[in-house]
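**Q** Listed here are the chains, written in short residue letters.
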Amino acid sequence: MKRSIQFNLNGKTQILTVEESRKLLWVIRSDLGLTGCKYGCGRGYCGACTVLVNNRTVRSCIYPISFVDGKEVVTIEGLAKNGKLHPLQKAFVDHDASQCGYCSPGMILTAYTLLLNNKRPSYDEIIHHMDKNLCRCGSHTRIVRAIQAAAREMNTGELR
Amino acid sequence: MKENNGKNIMELDFYDSEEFMLKTNRRDFLKIIGGGIVVFFAVEDAAEAQQRGDRRLPEDVNAFLKIGEDGRVACTTGKIEMGQGIITSLAQMLADELDVSLDSVDMIMGDTDLCPWDSGTHGSRSIRFFGPPLRAAAAEARSILLEMAAEHLKISRDRLKTQNGVVYDAANDQTKVTYAQLTKGKKIVKRLDQTAVQKTASQFKIIGTPQRKTNAEELVTGKGKFAGDIQFPGMLYARILRPPSHLAILKSVDVSAAEKMEGVRVLREDDFIAVLAGSPDRADAALREIKAEYGAPDANLDDENIFDHLLKNASGGNPSDQGGDLAEGEKNSAEIIEKTYLNSYVAHAPLEPHVTTVCVEGDRITFWSSTQSPFRLKDAVVDILNAPADQVRVITPYVGSGFGGKRSRNAIEAAKILKLAGKSVSSFQLAGTREEEFFYDTFRPAAIVKIRAGINDKGRISFWDYGVYYAGQRGANQFYDIPHHKTAVYGRGDAHPFDTGAWRAPANNTNTFARESHIDLLASAAGIDPLEFRFMNLKDERMIRVLKAAADQFNWTPAKSPSGRGYGISLGIDSGTYVAHMAEVKVDKESGEVQVVRVVCAQDMGLSINPEGARMQIEGCITMGLGYALTEEIHFRNGEIFDLNFNSYEIPRFSWLPKIETVIIDDKDAPAQGGGEPAIICMGAVISNAIYDATGARVLQLPMTPERIQKTMSL
Ligand code: FES
Ligand code: FES
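Going line by line, the protein sequences match chains A and B. FYI, the numbering for the first sequence is 0 to 159, going by numbering that gives the first Met the number 0. FYI, the numbering for the second sequence is 0 to 714, going by numbering that gives the first Met the number 0.
Simulated from the structure, these hints should not be mistaken for laboratory data. Errors might be hidden in some of the hints.
[To be verified] Okay, derived cross-link-like pairs now, DSSO-like style, lysine-lysine, Cα gap no bigger than 30 Å in a straight line:
id: 1; chain 1: A; residue 1: 11; chain 2: A; residue 2: 118
id: 2; chain 1: B; residue 1: 259; chain 2: A; residue 2: 1
id: 3; chain 1: A; residue 1: 131; chain 2: B; residue 2: 658
The structure presented is a predicted model; accordingly, all values stated were derived computationally and were not measured.
Taking the hints into account, I'd like the entire structure generated from these sequences.
**A** See below:
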């Protein structure tokens, strides 16, 4: 059934009339043209399609668009503020945490929610939190290092 | 990936880019390049030279570099970037030799309009075979600039020096001229003649220094475009009807319900049935409305009996290497060990499934595709569409990894769809699903290795009789000091029930697993520490050096295996690079679960262009290699593939991470060797040997799943 859905996407209000069962991933990518969230498996297994809904990660490939009604959605495109990379993005660059980079947007947004709720995550907490995000290139060690570095940077408040 | 003017290709507004889209005819190549200094060069790679035979576009150059009037330096190459990092390391080679800053270099890659012909990006060949002529061309361009500067500044050439894109009078820094000033209004086109002097290792400033990926920021902001991220207004999305198994035959099909759906088109030619719709999910829904019935012939092949089937059908067997006399070697043996090693089919599983976006504008057809071989794909598209070659353009934007699996099948199907849809469709995308990615993957072949080998009473290997079936030759030849040895390679491409192909370090994962497992067995039989045993049986100085480096880093102390410590060793050679791995594992003896605690890798890759990039590749190899060692295998029966997504096909995760330590033996005066694959080849054996050291169980089949380990322990 088609219905009207209103939500906030990266700070801007969106009003769409769409089939309510459509998946958020395809609406964001093909209707709204934001291609930072990727398709990797379509079944919630890999995390490439991760976006934030009210500051929680969701797997947009299995998340119906109707669920975002009235909520705030952030994609990787919305993370940098005023042309300034988020500390996580910067740390991913500094630590070469992307090889092919296909997993990077999902990894960064997943790490974002970790640091939101846990300012000083231990190594084990990082591993545990990130474990359901897949990377085929084997960038894992560098992703962990980048998350640790971003946590440090955010705690010293240098960037925000 | 930058266009000549420094603007990102993908940022160009399609409808404003007429000039850009018209840059098609390769005869106009020089016109497109515009002003500046251009050096063309050919890549002397035997494999490529061989392939030149079937090239239709006959330029005998493979690349060029250009110093533009704005001082920016462009290098065009048909090679592509898929995470392996050549976008950075090739730029480093160019920048250093030309004496410009790394960030003034634009790599223009994988575009059949802008780049000269290339056979494809694979086999750790880019740095080895493309790097040397690139450096030579940069040296030549620098030499031309020096010549021009001498004239411009009226100073003799040998008084000049170059730095950061500027030519100076060595005696007076105030007398100078920039490359940009020199190239202004000039158009110099030169073919590489290899006469310019290149830098020696001590003169390197950028080569050999760690550099971050030059495209990293695009990747972390979502701006970097993959083929599926290319979009056009009103673009359609295609899906194709798929059979349930590789043997299935379409018996009947009813597409009427799909055809009735609003905005959906069904295209059909024989068994090839595709739908087009306004969004990916709509195309999915349309596909679900198609009712198809399939039949399948009787067959009886599955992931267990496949090995017998393969052995029965094997052919070939010519020795790839031999020396001495095996019978003599047997006679000198105190003990002989014979074993058969197996490995199952393994999927590439790149995180980005195959995808192609097609746009037709007038008579111009452009394919953006996730292929490792854009030029080969272009040939195929030209054939299918029966279109003039200069109307078809293929671009490989960023590729979400490949490992040998990014082929042209998906793009070829897109070409078929375009042919059936005709002029009525101006743009569409064919994105493979994860299930299609697994189903149509060209798996790493299931393979068998049979080894019979002996030791004498002094702990020396007395003979080595080695046969590999279906994996291939790479890495099959042993490198130990063995007086009597033979290596034979068997196989037959069509014996597999589905397509197989090259998988990161093809053949070498299988061969290294078997060889290094067997070396360990011989060491145990001799009652000698496996490190000591290897030193006793090696003569190759490069191998001895790399093994020593690994042992130092690991802090190996001698003990006979199984020692209970869970330590393993493996050695290997791939793409001219030597690797030595050591690992520590913990095995849960109840469940058979393995946790790899620590992996040390020492790698001798000759000159390391970008040590940071090299470490990244080693870490990637070690992490990815945990998968084929421990879990990854395709289960199937009669052409039906059971592992179609990541729920059952388990690839490495964060929680599997061992502590990874890398040692790069930087041999600055040696030629640069491959770096994208070597460090993965040891992962099967180093873990297998460590499991043996922990438990005394010798697992002879990859992957070493908990069930296989349990079973072996109970033997
Ligand atoms: S694409 Fe959504 S979890 Fe994999
Ligand atoms: S960097 Fe390629 S999948 Fe993670």
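**Q** Indicate, hint by hint, whether the structure satisfies it.
**A** Status of each hint after checking the structure:
| no. | hint | verdict |
| --- | --- | --- |
| 1 | 11/A - 118/A | holds (28 Å) |
| 2 | 259/B - 1/A | holds (19 Å) |
| 3 | 131/A - 658/B | holds (20 Å) |
Violated hints: none; the structure is consistent with every hint.
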